[in-house]
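Top to bottom, those sequences are chains A and B.
With the first sequence counted from 1, adding 1371 to any position gets you my numbering.
With the second sequence counted from 1, adding 56 to any position gets you my numbering.
Bear in mind the hints are in silico, worked out from the structure with no lab data behind them.
Even for Gly, the Cβ is constructed at its ideal location relative to N, Cα and C.
Hints should not be assumed to be uniformly reliable.
[What the hints assert, rightly or not] Label pairs and their computed distance ranges (CB to CB):
id	chain 1	residue 1	chain 2	residue 2	range
1	B	A61	A	V1451	17 to 27 angstroms
2	A	N1464	B	L80	16 to 26 angstroms
3	A	T1549	B	G299	26 to 36 angstroms
4	A	T1549	B	L68	45 to 55 angstroms
5	A	A1559	B	S97	53 to 63 angstroms
6	A	N1464	B	G337	31 to 41 angstroms
[As the list claims (entries may be wrong)] A few chain B residues that don't get close to chain A, going by computed Cβ distances all over 10 angstroms:
id	residue
7	P87
8	P111
9	P127
10	E142
11	R162
12	K175
13	G248
14	F347
15	D391
[Said to hold, decoys possible] Per the computed footprint, the stretches of chain B lying under chain A, defined by three or more beta-carbons under 8 angstroms from a beta-carbon of chain A, are:
id	region
16	72-82
17	90-99
18	354-368
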Amino acid sequence: MPYLCSEIYQQYTSVSIINTFYGFIRIQFFIDPLNILFYNCLQGVMKPRLDLLKGNNRKLFYKPKTGKAAWFCLLAGIIVVLAVVTVYRCAGNSGYCSLCHSMEHVNAQWQLSRHKQFDCIECHMPASSLIEKITYKTRVGINDIIHETLRNYAAYVILSSRGRYIVNSNCLRCHFSTVENTKMAGSAQSCSKCHRNLVHGKNLQRGGIKIE
Amino acid sequence: MSRKAKFLIALLVLAALFFVFISLRVVVFKPQSSLKLAKISAGEYDPVIWGKSYPLEYKSYRKNLEMAGSPTGYGDSRKIQHSIKEPEILVNFKGMAFSKDYSEDRGHPYTIQDLKETKRVNPNSPGACMTCKTANLIDIYKDMGWTYAKTPITQLFPRMKHSVTCANCHDPATMNLRVINPAFIEAMQKKGIDVKKAPREQMRSYVCGQCHVEYYFEPATSRVILPWDKGFLPEQMYAYYSGKPYGFTEDWLHPDSKARMLKAQHPDFETWSNGIHGKAGVSCADCHMPFMRENGQKYTSHWVTSPMKHIKSSCMTCHAEDEAWLLERVKTAQDDVWQLQHIAGTVTAKAHEAIGKAGADPEANKAELDKAREFVRKAQWFWDIVAAENSMGFHNPSQVLNTLGQSIDLAHQAISTANGAVNKHN
């Protein structure tokens, strides 16, 4: 599906506002935005919002735990958050992506490409808010696991139109200034339509089936 | 322990087992990425035996038995007479076998059966006719050399046990691609190409090209020769034939026009090689035998058919457009070619009639008539080289349309020259 370059750019700018916001927080706390959740969680356990717990509202609001229970919650919270952060981090690694059999060929081609310094997710994940990233990653991850388990994936995986849109937006994240003043930016173009062999190579180079 | 706790623990254990199962299946016990070479003897041509070791490839090969139309409406694997849709064939091939029987071709497993059934072949037909019909050609050529070409085909039938099978394209010792048609090997040698040393990417086209090419039989020996000395273009092949190679002057004499006619045969390889896909290095197998998967195991589809039946695997590995769009592009190219092909064939048929009529006049100008005959011979060649090709022009749309355009012009020149031959006299 073709998209207007300018449209993508607009979306990209709105994204960048969110990213700037995260950047601000990151500077404030010297930690990643995701760790804010972790930080808030700690706060929630240790400093319950006592101001909301007055009078009849008491039942409606979260009652702070005390003693053993509080420490258990804290520990469980730390473990859960650490697990989420670890999984999120590991799942962003290209080595993790290529664990799947269906990704072997594209991984091999990517390693020979001029974009090998970028991880898979830098092109294939939406460059938007963290929440969108996590939901997208979860949805796509579940889809991948289902098909990897059932082994019913295609010989050569083709991008969905949403996937193509994401890749295109990510091309422009770095290369927008290159095309900004050209006719390509004004018309409905998709970078990968012409530059389709850039990262994952030509069909010819993908090779056949090894015989041992 | 309470029931609740037990239930919770059981649930946790189940979830853990499920996780382990999925991780093992996805990460540890992956589908194979390579094939194991099986021991198949050099003289084994039975696809069933090969299929035991290469089941996925064999399963897809069996799909060649399917008889069906193509999604664009051009090309078919059912035996349908071409003359139903193109009655001009009956005029243009008058006096030769193609006017008796010229049906759509079926898949590779049917080659021998169809060779025996077709009305174009009779008991005295030369053995050369079976060159591309059987894997047993390997042994027959090894034993007899080119003498098999002159041997009556009925004498060779008992030796033809298998149709076009695995061995036609694969060396069982390595499973590497190979070509077995001696005519193709000789023709490539003339072009300075050693097919034994060709890289895999080129072999993926040569294995198809060894048969899907234009050829003729040397008059004295019936040896199969590919007319490529001057090039792959229709005009270059025509120029080659005009030089009367090895004393070859014509395939038959047309009874109406008395022109010495040429019959073109399926120049798929030549047409493709000058086309956009050919020039871009896209091989025959890339589109006609794309990679497929079953249970995660990658294999090459051996169902050699219209790529329009699996656009996703054939086209969309390169083209980013969707299936409907791609099919529409192919259909448009084929519609355009079909329209002109039908016109070219019809005008050529009219040219035969016009020359026949002029020739019946005893006082017609003989030199002008001969000129008209040369025109119709060339017009029909330019029509036939497209009509006999299997892609309805898609292998090279621009070249094919150019060829048909020339055919139409030449046929009209034939008609006006024939009419002039009579009018001058009057």
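Consistency of the hints with the structure:
1. Look at A61(B) against V1451(A): about 21 angstroms separates their beta carbons, and that is inside 17 to 27 angstroms.
2. Between N1464(A) and L80(B) the Cβ separation comes to about 20 angstroms, which falls inside the hinted range of 16 to 26 angstroms.
3. For the hinted restraint 26 to 36 angstroms between T1549(A) and G299(B), the CB-CB distance of approximately 55 angstroms leaves it violated.
4. For T1549(A) and L68(B), the Cβ-Cβ distance of about 53 angstroms falls inside the hinted range of 45 to 55 angstroms, so the restraint holds.
5. With their beta carbons about 58 angstroms apart, A1559(A) and S97(B) fall inside the hinted range of 53 to 63 angstroms.
6. The hint said 31 to 41 angstroms for the Cβ distance between N1464(A) and G337(B), and at roughly 34 angstroms that hint holds.
7. Its closest Cβ contact with chain A, about 6 angstroms, brings P87(B) to no more than 10 angstroms, contrary to its assignment away from the interface.
8. Distance check for P111(B) against chain A: the nearest CB is about 14 angstroms away, which clears 10 angstroms, and the non-interface claim stands.
9. Even its closest Cβ contact with chain A, about 19 angstroms, leaves P127(B) beyond 10 angstroms, as expected for a residue assigned away from the interface.
10. Remark: the non-interface label on E142(B) is consistent with the geometry, its nearest Cβ contact in chain A lying 35 angstroms away (cut-off 10 angstroms).
11. Annotated as non-interface, R162(B) keeps its C-beta farther than 10 angstroms from every C-beta of chain A; the closest such distance is 27 angstroms.
12. With 10 angstroms as the threshold on Cβ separation, the claim that K175(B) sits away from chain A holds: the shortest Cβ distance comes to roughly 41 angstroms.
13. Listed as outside the interface, G248(B) is consistent with that label: its C-beta sits roughly 23 angstroms from the nearest C-beta of chain A, beyond the 10 angstroms cut-off.
14. Distance check on F347(B): its Cβ comes as close as 4 angstroms (rounded) to a Cβ of chain A, failing to clear the 10 angstroms threshold; non-interface status is violated.
15. No beta-carbon of chain A comes within 10 angstroms of the beta-carbon of D391(B); the shortest separation is about 25 angstroms.
16. Here the region 72-82 of chain B counts 3 residues with a CB under 8 angstroms from a CB of chain A, which clears the bar of 3, and the coverage holds.
17. For the region 90-99 of chain B, the proposed coverage by chain A is satisfied: 4 residues have a C-beta within less than 8 angstroms of a C-beta in that chain, meeting the threshold of three.
18. Interface restraint, the region 354-368 of chain B with chain A: holds (4 residues with C-beta to C-beta distance below 8 angstroms; minimum three).
Figure legend: structure checked against the earlier numbered hints; hints not met, in rising order: 3, 7, 14.
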